[in-house]
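There are 2 protein chains.
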Amino acid sequence: MASETFDVSALQDEIDALAAKVTKQGAEVRTLKKNSASDADAIGAAVKVLQELKISQKELLDKMEAATGGKDAFNRQVFDELILRKMFVIPSFEIHGGVKGLFDLGPPACALKAAMIDAWRKHFILTENMLEMECTCLTPEPVLKTSGHVDRFTDLMVKDTETGECFRADKLLEDAIDTLIENSPTMPSEEKEDHLRIQRQADAFTPEEIDELLIKYECVGPSGKPYSPSFPFNLMFKTSIGPEGTSVGYLRPETAQGLFVNFNRLLNYNAQKMPFAAAQIGLGFRNEIAPRGGLLRVREFCMGEIEHFVNPADKSHPSFPSVADKSLVLFGREDQLGSGKTKTITVGEAVKSGLVNNETLAYFMARTQLFMERIGMDPARLRFRQHLETEMAHYACDCWDLEIKSSYGWIECVGHADRACYDLDVHAKATNTAMLATLKLDQPQEKEVAKLKFDRKLLGKTFKGDQRVVSGLLETLAEDWTTFEPIATALESEGKTTVDGFEIEKDMVSWTKTTKKVHEIKFTPSVIEPSFGMGRILYSLLEHSFYQRDADEQRCVMKFNPQVAPQKCAVLPISSNPEANAVVDEIAQSLMESDLATRVDKSTASLGRRYARSDEVGVPFAVTVDFETLADDSVTLRERDSTVQIRLPKSDVTRLIFDIVHSRTTWEEAMKKYPVVTVNEDGEAEKQVGATVIEKTSRGTFSRPAEKI
Amino acid sequence: MASETFDVSALQDEIDALAAKVTKQGAEVRTLKKNSASDADAIGAAVKVLQELKISQKELLDKMEAATGGKDAFNRQVFDELILRKMFVIPSFEIHGGVKGLFDLGPPACALKAAMIDAWRKHFILTENMLEMECTCLTPEPVLKTSGHVDRFTDLMVKDTETGECFRADKLLEDAIDTLIENSPTMPSEEKEDHLRIQRQADAFTPEEIDELLIKYECVGPSGKPYSPSFPFNLMFKTSIGPEGTSVGYLRPETAQGLFVNFNRLLNYNAQKMPFAAAQIGLGFRNEIAPRGGLLRVREFCMGEIEHFVNPADKSHPSFPSVADKSLVLFGREDQLGSGKTKTITVGEAVKSGLVNNETLAYFMARTQLFMERIGMDPARLRFRQHLETEMAHYACDCWDLEIKSSYGWIECVGHADRACYDLDVHAKATNTAMLATLKLDQPQEKEVAKLKFDRKLLGKTFKGDQRVVSGLLETLAEDWTTFEPIATALESEGKTTVDGFEIEKDMVSWTKTTKKVHEIKFTPSVIEPSFGMGRILYSLLEHSFYQRDADEQRCVMKFNPQVAPQKCAVLPISSNPEANAVVDEIAQSLMESDLATRVDKSTASLGRRYARSDEVGVPFAVTVDFETLADDSVTLRERDSTVQIRLPKSDVTRLIFDIVHSRTTWEEAMKKYPVVTVNEDGEAEKQVGATVIEKTSRGTFSRPAEKI
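In the order they appear, the protein sequences are chains A and B.
Read in order, the letters of the first sequence are residues 1 to 709 in the working numbering.
Read in order, the letters of the second sequence are residues 1 to 709 in the working numbering.
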């Protein structure tokens, strides 16, 4: 055993080291591709090295799977069958032929999602008094033009000039090269390498380059006609708002913009107090070109986004101490390029060492981890991966993705980004609206300013109607010497300078540098944004909750915790006796009245079969009404994962399950309070394995394992 | 007083009688307009009568308002200001200029909506084990073509041929006639009446008629050019799904279709058991041409829809007895056309008398009423109005709208429609998918069928590849003599007949009428559909919850009940003493840990001002930490509407509020358990008005009203 452990551990080290190399090489390739000076050969060579590394990586991973015997292997086929049969997730509009990338949630997934959203709302919004909003999906174009979305999310497309059918240009090129090589078995390897080099860069060409290449490779549409010139295709769903058809709208690709544009109202609502967070749960839409199966890349999805507005000069968080000791699995930038190993350290250390940029960002990472644990995600399959420099937007300070491991690999499920002042800045500028917060100073501060004197006559002659705009611009800049200084310098050295498109001459304005007492400082808040992909989290939770009982591989179980489980309790009669049925109804009614979703199964199937059915949809508890119940009003309560059963008065059932669901007690406590009984799955008392204690109670005689609990 | 009451009551009778006349005349006008044989004169005359009735009605209503002194008058201006300032509802994308018909919900409305949805889910879905689904908003065209939406929701539009600007044709015509009459003060009254007659029918003309009229009235676009011919404008938002741009999609105008297309999977999930209900909560979208202010007619809205599938031969409901004694305010078809008065009768009577078509429909009406009461809607402002025959779709059996009275009048907020088999039928036919449920018979039944014999040779010669389709069609019809009989009759009398487009001749098939034992009956379920407009309900709840304190009109209160209130408790220190602040934090923390949304207000404003702020957002309870708290750990707890305060140990606060919010106890019980104290709004003990009992308790000395509450 020891030697096997050693082998696996060494192999893991090898895998980790290789993963770091792959990441490093990937970054190298991206840097080369970004740099317009890079030549195609250099890029091609780097891509080739990357591909070879990936092949070695795959070999090592296969070796690892063989070594560990795939014991915990996830049976995708059985899982997928269960997910579809129990209507967790099904393709939308199936009977009409379906639509790629659209999925419906069925009854158990709806309840699970509702519980997850409820938990999210309590964990984030309620606990921190965040300002929740619900903005519309329909978004007018100017908003998304401002945010940059109208110009982003584009892939190059071409059309068949005969039929109008559209294609992704890079995919056509890739396919054409594949076909060429396939059909030319005698092609010299050097020539082949030239083609492959072009193929590897397919997504990096300009429209003009790709147009030339499509002609070079004789790509023609299905109709036999050549393709149209390539053009960018935007991934947002476009529509038209209002009857005129002139007002372009999009379905929002994220929920955040609705919060940014409402910043001033939110700040007022919060009585001007900073920092504060706004949050939104709602739909996002992306017209994906090639949606893959499952809930991981879909065209319509639920998001939960938090925008925490904070003074860029002070990104501390008042509640940081409450999470400072929480340990997280962090996969920092340097580790991705170096050791290839994650670090498990406390949030406090991560901030202290500078690994995570600031307290607020780290605070939310910890809160996200706690949320995932709260809803029952497997902590061993969670990690935070830092964005490489090459991955981040130019304005971002630091980004960490919570990645969840599923059978599809490590999937980004929650982004944590420090987006600096970018979002408020662009909307403020586009709408000419100040979006500022105020820091009241405890003591007034001296501030260096410029005092201006204008030659109004010259200004009027030069700028006419714009005269006041120009003087206003300069006055604003003069409020802070550091912003006015470059202008002063330019006017002195060059005699003129340009401010917002206006050419200012030295004669127009004179200035003196002076100081002024200020009692408050205005600033554009930074935004720290945790952004949750609820659909991906839901899917990951389904995978993490799924297992097959060791004793019987056919028996699938979803181990949802009682807080999020779609149904909280099953109620089953052991026989179809009408008296037993009445008790079942009475218990179910009582559970329902306490808002505990209940599953009644009076079918004639065996008790074992009925337990199995309730296990499949993850019902944590099952109450069984048996012959004793009719005599003494006691019932058995079975816990799903341990299959341990306790015996308790039927009148205690609702309160016990309510308290467990509301985290006011635990199953462990219940096992201490009530006798544990052993019965087989047909409800008959079984021989007790191991030492037992026989208990006589007012509710009857029970056996209980002696070494209990 | 008595005589005033008499006057008002007589006036009310007059108003009701007139309302009936208005309804009757309205129905008359609709019937005339529908009937293509009606001439314009008759319609015009009927419309004129209707308008005169409406004028009289307005006069009576004004008289009534004057008589009752407008005491309970709703102050829209104050209400609107509050709604906007406290961010209940705000226009979307304000800083970018906004978009008509799009609104955002701010923090208190989001919490209120979440609580409302949660209550809805528990009241309907959980209690009745409905199958909840979440289908996509993006919907491919064939689905909505099948449902009829692609051909419905159209208004006639014209374009300015120069600028392309669009207009509603009927509105242009109406405006043109207004202008003509305005500019022709000497126009003879007969001529004027002719124009007005045309104006009244503006929305009833065909495209050709309206085109002619626009020319006749010399309507030209803003550019001076004539309008384009009129064309239908669909109210659905159109988009394109997938990169090709060839797959037309719409944003769903209702959520129901997603449930209908999943009927077979849902039935399987329900183990083939009938009846059952599916439900969905989600967004709907309608590209309204002229959205009015407020939440009553918007372009993006939240709906909750239930589709209850039932055997058309048996529309009883197992839980009907549980609501049979519930009284509802019903405004039946006959009363709308006759007395003009509603009837308050029990659900049981309504079904027994045939007023409501069936048990299931009536059951849901009662459940809707109970839901409205549960979330705190004013029962005096709720009624169920039956659709007139002229209002219903041809396939519908019976429809009742729950109308809620707000300052905009009686507004339809929940539809209850028995839609018969229409929805499943159209999807089954369009997709060639059987959508049937099965009734297992306790005892086999004899059934009359036709036994067929085909002349296969002749069939083959005539229909070639379609041979089997034709024989299959006939075999299906032959399974029930009643469906085959018309064909048999036609073949015998005419020698031929047409079945689904195929011409069948007598020689092709012979038959014998016989009987067969059947053990089950297949049927297309009927759909009974309660459809909730959540946005309208939310808005109505805001109005019903709003009042101004008698003592001080400036003090606005939202009387949300504790179950749905956005925040459950305010916690306020009486002074800014750090010790008091620590207790405030401790209590707030404890409330939050029990998931009770809490509002902490440590501002320096007076206690009265801070109570008023918390009243504005409808916080039902306020805990005040005062000087005594620091001595004996007791706090006061104030109830919002009565402003009664009780004194209790701070450690009891969370449990008490949790229990009230979860309906496990009441404020009345709390007043019995804890001493009532009187303090002024600055937290100082006030002189007790009326007889008091002075209580000495371990928590201090309290005065308590002698006549207990």
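Take these hints with a grain of salt, some might be off.
No more than 30 Å apart at the CA atoms, straight line, and that leaves these computed lysine-lysine pairs for DSS-like [claimed, not checked]: (1) 602(A) <-> 440(B); (2) 100(B) <-> 273(B); (3) 122(A) <-> 171(B); (4) 100(B) <-> 429(A); (5) 171(B) <-> 238(B); (6) 159(B) <-> 171(A); (7) 273(B) <-> 238(A); (8) 496(A) <-> 506(A); (9) 447(A) <-> 54(A); (10) 516(A) <-> 447(A); (11) 352(B) <-> 145(A); (12) 429(A) <-> 341(A); (13) 122(B) <-> 238(A); (14) 122(A) <-> 122(B); (15) 522(A) <-> 602(B); (16) 602(A) <-> 273(B); (17) 650(A) <-> 513(B); (18) 159(A) <-> 100(B).
Residues of chain B placed beyond 12 Å of chain A at every Cβ, according to the derived structure [claimed, not checked]: (19) 86; (20) 119; (21) 134; (22) 135; (23) 167; (24) 600; (25) 601.
Bear in mind the hints are in silico, worked out from the structure with no lab data behind them.
The beta-carbon is built from N, C-alpha and C at its ideal position, and this holds for glycine as well.
- Message: Need the status of pair residue 100(B), residue 429(A): alpha-carbon distance at most 30 Å?
- Response: Roughly 23 Å separates the two Cα atoms, so the pair holds.
- Item | Status of residue 119(B), Cβ more than 12 Å from any chain A Cβ | With a cut-off of 12 Å, residue 119(B) comes too close to chain A, as the shortest Cβ separation is near 9 Å.
- Item | Hint consistency between residue 447(A) and residue 54(A) [alpha-carbon to alpha-carbon, up to 30 Å] | violated (57 Å)
- Task: Would you mind confirming whether the straight-line C-alpha gap from residue 516(A) to residue 447(A) stays at or under 30 Å?
- Result: Given pair residue 516(A), residue 447(A) holds - Cα atoms ~5 Å apart, limit 30 Å.
- Query: Are the Cα positions of residue 122(B) and residue 238(A) separated by 30 Å at most?
  - Reply: Roughly 36 Å between the alpha carbons, so the hint for residue 122(B) and residue 238(A) is violated.
- Query: If you draw a straight line from the CA of residue 122(A) to the CA of residue 171(B), is it 30 Å or shorter?
  - Reply: violated (49 Å)
- Item | Pair hint outcome, residue 171(B) versus residue 238(B) [Cα-Cα no greater than 30 Å] | holds (24 Å)
- Item | Pairwise hint evaluation, residue 100(B) against residue 159(A), where the allowed Cα distance is 30 Å at most | violated (36 Å)
- Minimum Cβ distance from residue 86(B) to chain A greater than 12 Å, as the annotation requires: violated (8 Å)
- Query: Going by Cβ atoms, does residue 600(B) stay more than 12 Å from chain A at every point?
  - Reply: The assertion about residue 600(B) is violated, with a minimum of 8 Å to chain A.
- Given the hint that residue 602(A) pairs with residue 273(B), test it: the Cα-Cα distance must not exceed 30 Å. holds (13 Å)
- Item | Given pair status - residue 341(A), residue 429(A), alpha carbons within 30 Å | violated (43 Å)
Checked against the numbered hints given earlier, the structure breaks hints 2, 3, 6, 7, 9, 11, 12, 13, 17, 18, 19, 20, 21, 22, 23, 24, 25 and satisfies all the rest.
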